[in-house]
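Mind the numbering: the sequence shown is residues 71 to 124 in this note's numbering, read in order.
What the hints contain is simulated information worked out from the structure, not anything from laboratory work. You may find that some hints are simply not true.
Said to hold, decoys possible - What follows is a list of derived Cβ distance ranges for each label pair:
#, residue 1, residue 2, range
1, 88, 119, 38 to 48 Å
2, 116, 94, 25 to 35 Å
3, 100, 121, 23 to 33 Å
4, 122, 88, 47 to 57 Å
5, 88, 108, 24 to 34 Å
6, 91, 122, 42 to 52 Å
7, 97, 124, 34 to 44 Å
8, 88, 109, 42 to 52 Å
9, 89, 121, 38 to 48 Å
10, 124, 93, 36 to 46 Å
11, 120, 88, 42 to 52 Å
Every residue gets a Cβ at the ideal spot worked out from N, C-alpha and C, and that includes glycine.
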Amino acid sequence: MTSFYLNDEPIEHESLKSSEQQLREFEREWLLPAIGLVLLCIGFTVQLIGTVFL
Numbered sequence: 071m072t073s074f075y076l077n078d079e080p081i082e083h084e085s086l087k088s089s090e091q092q093l094r095e096f097e098r099e100w101l102l103p104a105i106g107l108v109l110l111c112i113g114f115t116v117q118l119i120g121t122v123f124l
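Could you build all of it, start to finish, from the sequences and the hints given here?
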């Protein structure tokens with residue numbers, strides 16, 4: 071991690087900061103809904119198996 075110090079305050083490198091921000095936006099917009107969708111599909115599958123076989 072690259073940090074520059076100006077007036078005793080750490081200033082992160084601009085490209086590193088933007089890539090971390092892009093990763094956070096990617097997680098919020100795509101990763102979390104995808105995990106929710108997978109859990110929803112698993113729940114429906116378990117419910118379907120339960121109603122068919124039990």
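So which of those numbered hints doesn't the model satisfy? 8
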